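Participant: Those protein sequences? They're chains R and L, same order as listed. Residue 1 is where the first sequence starts when you use our numbering, and the numbers rise one by one after that. Residue 1 is where the second sequence starts when you use our numbering, and the numbers rise one by one after that.
Calculated directly from the structure, the hints in this document are not laboratory data. Keep in mind that this is a model prediction, so the values were computed, not measured. Each residue gets a CB set at the ideal place from its N, CA and C atoms; glycine is no exception. Be aware that a few hints might be false.
Calculated Cβ distances over 10 Å to all of chain R for the following chain L residues [unchecked claim]:
no., residue
1, Gly31
2, Arg140
3, Leu199
Straight line, CA to CA, 16 Å or less: simulated EDC-like cross-link-like pairs of lysine to aspartate or glutamate [to be verified]:
no., chain 1, residue 1, chain 2, residue 2
4, R, Lys166, R, Asp152
5, R, Lys166, L, Asp85
6, L, Lys251, R, Glu17
7, L, Lys178, R, Glu17
8, L, Lys120, L, Asp86
9, L, Lys251, R, Asp5
10, L, Lys120, L, Glu176
11, L, Lys128, L, Glu67
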Amino acid sequence: MRLIDWPMRGLQRLLGERRMAYVFLLPNLVFFSLFVFLPLIINVVFSVTGGAALFPSERPYVGGGQYAYLFDCDSFLDPGSCREDHFWRGVANTLRFTTFQVVAMVLFSLVTAVVLNMRIRGRGFFRAVYFFPVLLSPVVVALIWKWILQRDGLLNAGLTALGGQKILFFIDPGWAMFWAVFVSIWAHMGFYTLILLAGLQAIPADLYEAAEMDATPRWRAFWRITLPLLWPNLVVVIVLALIRGVQTFDEVFVLTGGGPGTATLMVVQYIYETAFSNQVQNFGLAAAASVVLGIVLFGLTLAQLAASRRRSA
Amino acid sequence: MNRVARLLLVRRKSGRWHWTDIAAYTYLALGVVLMFGPVLWLVLSSFKTQAGLLEFPPSLLPMSQREVMVQGFPQPLPLFSTTLDDGSTRVLAQVRRIGIVAQMVDPENPAQQFRIPIDKRTPVREFKLAMENYTEPLERFAFARFLGNSVFVTVVATLITLLINSMAAYALSIYEFKGKNAAMLMVVGTLMIPITIILVPVYLVITELGLVNSLWAVILPGAATPTGVFLLRQYMLTLPRDLIEAARMDKASEWQIYWRIVMPLAMPALAVLAIFSIMWRWNEFLWPLAVLTKTEVHTLQIGLNAFQGELQTQWHYLLAMTVATLAPVALVFVFLQRFITTGIANTGMK
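Using the sequences and the accompanying hints, generate a full structural model.
Facilitator: Laid out in structure tokens, this is it:
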């Protein structure tokens, strides 16, 4: 690092000690501007242009045309009545997916955190067990479950052994959605459990001791002490799960490919396919859809900031 | 040792089993099966032969039919345990199958031939690991290349992330300067923006830079992570200022202070960020999928997904490659488990 020190010393002589801060900040800001700030602006520009060219200068201005096209629906409750029905199917699926996922995630991670917070032998081991899948890549997670859920897979073997019939899980839309939610919970539950566990451990033990002295039943202590004190952590978990749910793509994409038909197609997959994998790459429409998604995520992030601020206050 | 034993044996104050203890252990046991079971099943399956994978119902362990060389036959013959007409059982090798009758020989005495109905024989099986599932993809597909690409992306991206984020964190924690708040705001601002909503314009920037189908297209956009800056800044704020003042007195340059004093002291925070960066980069999927379209530059995750489409019937390769992809992460986790979980609990990042 001598090699770097020498020019840095020269710079310092030129700028002075304090202004060296800018030098240290510079690389990060260059990356930030190039890959976040600039793209954010371009994204909005893209969303008001049409055509098939990638470079904004070659793209004709269409005003709100892309948005109008996206929102051209007879009824917003029926994706089939929209001109861009895949987008609305994606929205409907994402909503359904996120709702089920958040409810089940909060429930399971809460139960798991409470159990892990009890006096249990080998707590560290069990914590690791639940956390382990969080580290796996979405592709690996999806392939593991695809292997288990396939026609001649482990689960169907179990079903037939119990006298049942084989089920084609990825042919039936209801099952496909169920497994999309299930696999996503399986993969991420450990993360939320950890947040709740940290919250549970911060609750002072003497509160429970006092409750025990008063002969308060345990379920009541849970209702009156644990839940209220854990509430801020629960809110963080709910909002984080909401944000991630809305962004869901990879696991479901590898698991079901969005199918059967469009039964598990998510908004992000719609954006990805509209921009990159369709015959006609429609960057304008994809950008408009991602602006809509961005607005939703921005709202959720504000909620999260508010929630975490209350937690630290 | 005594303390450990006491800790393990501690239960409720009464020392008796409360029903909630039993419920808790049942729940946890179920959890172990549900969380580890699928991964274990994947690993076991990855060692099965192609024929073994097609079996239904599947066997738990990778088993395959035993084969023997019999004099007079050029190829090894599969062994069966058969029931003869007189009710006795013998182990015979099958020469060929004609309709519902199998022509079999005694491996000890090849001259003796038998004709056995096929429902009167069951294969003799033995435990055998099909290592070829792992070795063949290395020769036949670009698996080694995908692995190399993934390692390159992970290592280089993590180094860049550590460097530029620690520099920014240093600036934001040690100095007072004009525009500091604006810089902080920008960093906080990035926290909110997932790649999914700027997919198209980042693609445009990468195209303008001439980096499409280059591994740098994957490395560069995620290099400046706001979570990283935050984590490092919080840690650097706790370092004693006197140390830096003393170094300045000794005529150390600002860069020297950063590199020789602050960086070594920030090692614990850097290690946490390094683990996370490795995890993110190794597992990344959507962005590489969009920007890497040529097979030569595929990372493991993209390669795996592509294999999935191409090799629909070749589960034996796919499973082995999946195991090879998750193995490094699993290993890192085994050694750094405590570190990773506390890191996540403290910083709330992933």
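Participant: Each hint should be assessed against the structure and marked as holding or not.
Facilitator: Results for each hint:
1. Gly31: violated, 6 Å
2. Arg140: holds, 19 Å
3. Leu199: violated, 6 Å
4. R:Lys166 to R:Asp152: It holds: about 8 Å lies between the C-alpha atoms, which stays within 16 Å.
5. R:Lys166 to L:Asp85: Roughly 36 Å separates the two Cα atoms, so the pair is violated.
6. L:Lys251 to R:Glu17: With Cα atoms ~11 Å apart, lysine 251 (chain L) and glutamate 17 (chain R) stay inside 16 Å; holds.
7. L:Lys178 to R:Glu17: Since the Cα atoms of lysine 178 (chain L) and glutamate 17 (chain R) sit roughly 14 Å apart, the hinted pair holds (cutoff 16 Å).
8. L:Lys120 to L:Asp86: holds, 12 Å
9. L:Lys251 to R:Asp5: holds, 13 Å
10. L:Lys120 to L:Glu176: At roughly 87 Å apart (the allowed maximum being 16 Å), glutamate 176 (chain L) and lysine 120 (chain L) break the hint.
11. L:Lys128 to L:Glu67: Distance ~12 Å between lysine 128 (chain L) and glutamate 67 (chain L) Cα, so the pair holds.
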